[in-house]
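First to last, the protein sequences are chains A and B. Going by numbering that gives the first Met the number 0, the final residue of the first sequence carries number 150, and the count climbs one at a time with no gaps. Going by numbering that gives the first Met the number 0, the final residue of the second sequence carries number 82, and the count climbs one at a time with no gaps.
Simulated from the structure, these hints should not be mistaken for lab results. Take the hints with a grain of salt, since some may be wrong.
Unchecked claim - Derived Cβ-Cβ restraints for the label pairs, each shown as a range:
no.: 1; chain 1: A; residue 1: 134; chain 2: B; residue 2: 15; range: 16 to 22 Å
no.: 2; chain 1: A; residue 1: 17; chain 2: B; residue 2: 22; range: 48 to 54 Å
no.: 3; chain 1: B; residue 1: 69; chain 2: A; residue 2: 62; range: 22 to 28 Å
no.: 4; chain 1: B; residue 1: 48; chain 2: A; residue 2: 3; range: 30 to 36 Å
Unchecked claim - Covered by chain A, per the in silico footprint, the following chain B stretches (three or more residues, Cβ under 8 Å):
no.: 5; stretch: 53-61
no.: 6; stretch: 73-81
The model shown is predicted, which means the values in this text are computed figures rather than measured ones. Every residue, glycine too, gets a C-beta built ideally from N, C-alpha and C.
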Amino acid sequence: MAVRVQSEDFDVGAELARLSAGTHAVGAVASFIGLVRESPGDVPLRALTLEHYPGMTERQLGAIEAEARRRWPLEAVLIVHRVGRLQPGERIVLVAAASRHRNAAFDACRFLVDRLKARAPFWKLEETATGSRWLEAGADDQRAAARWDGD
Amino acid sequence: MKLLYFAWVRTAIGLAEERLTPPPGVRDVAGLLEWLKTRGPGHAAALAEPAAVRVAVNQDYARPDQPVAPGDEVALFPPVTGG
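Model the full assembly from the supplied sequences, consistent with the hints where possible.
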C-alpha cells in the first residue's frame, strides 16, 4: 500500500528500495524525511505526540497521492506517517516519489509534502518540563500548499 | 449524528466523540456550530472563535454552508500540523 499510518518506525532504505523493486522503469526516486526537532527556546522538548483522525487521514492521503499521479508521470508514490508519542530525533514521516526522470520525482515529492502538511488531519502536541501545548499551524505551510493551487 | 473532536477541540470539550440529534432548524455546518455552542461551557469555549475550527463532514473538508444530515459523521478540529 502506498499510504500508511503507523506507530512504529520505518526503515528508510528498505522503503525506498521497494519503490523500484521489480522494475527498470524508475530512473529517479526523490524523498523527504520529517524528524522531531528540539525546540528553539530555552525549554527542552521532551516528546511530540502525533494525533490523527483515523479514516479521514488515509482518505486525504489517498486523495493527495491521486492528485500527484494526475499531475506527474509517477511509477510509485509512498507516504508513511507515524502517530503516537515520539522523542526528539525520531522520524515522523517519509514521503517519496519515483518516476522515469528526476524533475517529476522532485516536484511530486515536494507537492506531496506541502499538501500533506496543509490537509492531512494530524496534530502535534508538544511536551516540555513546563507542560503540554498543541502546536499552531504555520502560515508558511498554507503558503507552501497554496503555490500548487494555480497549476 | 456522530460528532468527533480532535486536538485542542477535544480537550476543550472534554470528549473525543458524542452522538447528538440536532434540532430540525440545523441545516448546515454553520448552523450546527452555533447550536453546538449552546451544549455546555466546554463546547462554547471550543467554538468561541468558529473560524479557528476546521470541519469535516463524512471525512471531507466542509465549508460553513455545506448541508448536514442526521446520519453524518462530523468532525471538528484545529488547523492541521502534521508532517
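Cross-check of the supplied hints:
| no. | hint | result |
| --- | --- | --- |
| 1 | A/134 x B/15: 16 to 22 Å | holds (19 Å) |
| 2 | A/17 x B/22: 48 to 54 Å | holds (52 Å) |
| 3 | B/69 x A/62: 22 to 28 Å | holds (26 Å) |
| 4 | B/48 x A/3: 30 to 36 Å | holds (34 Å) |
| 5 | 53-61 | holds (count 4) |
| 6 | 73-81 | holds (count 7) |
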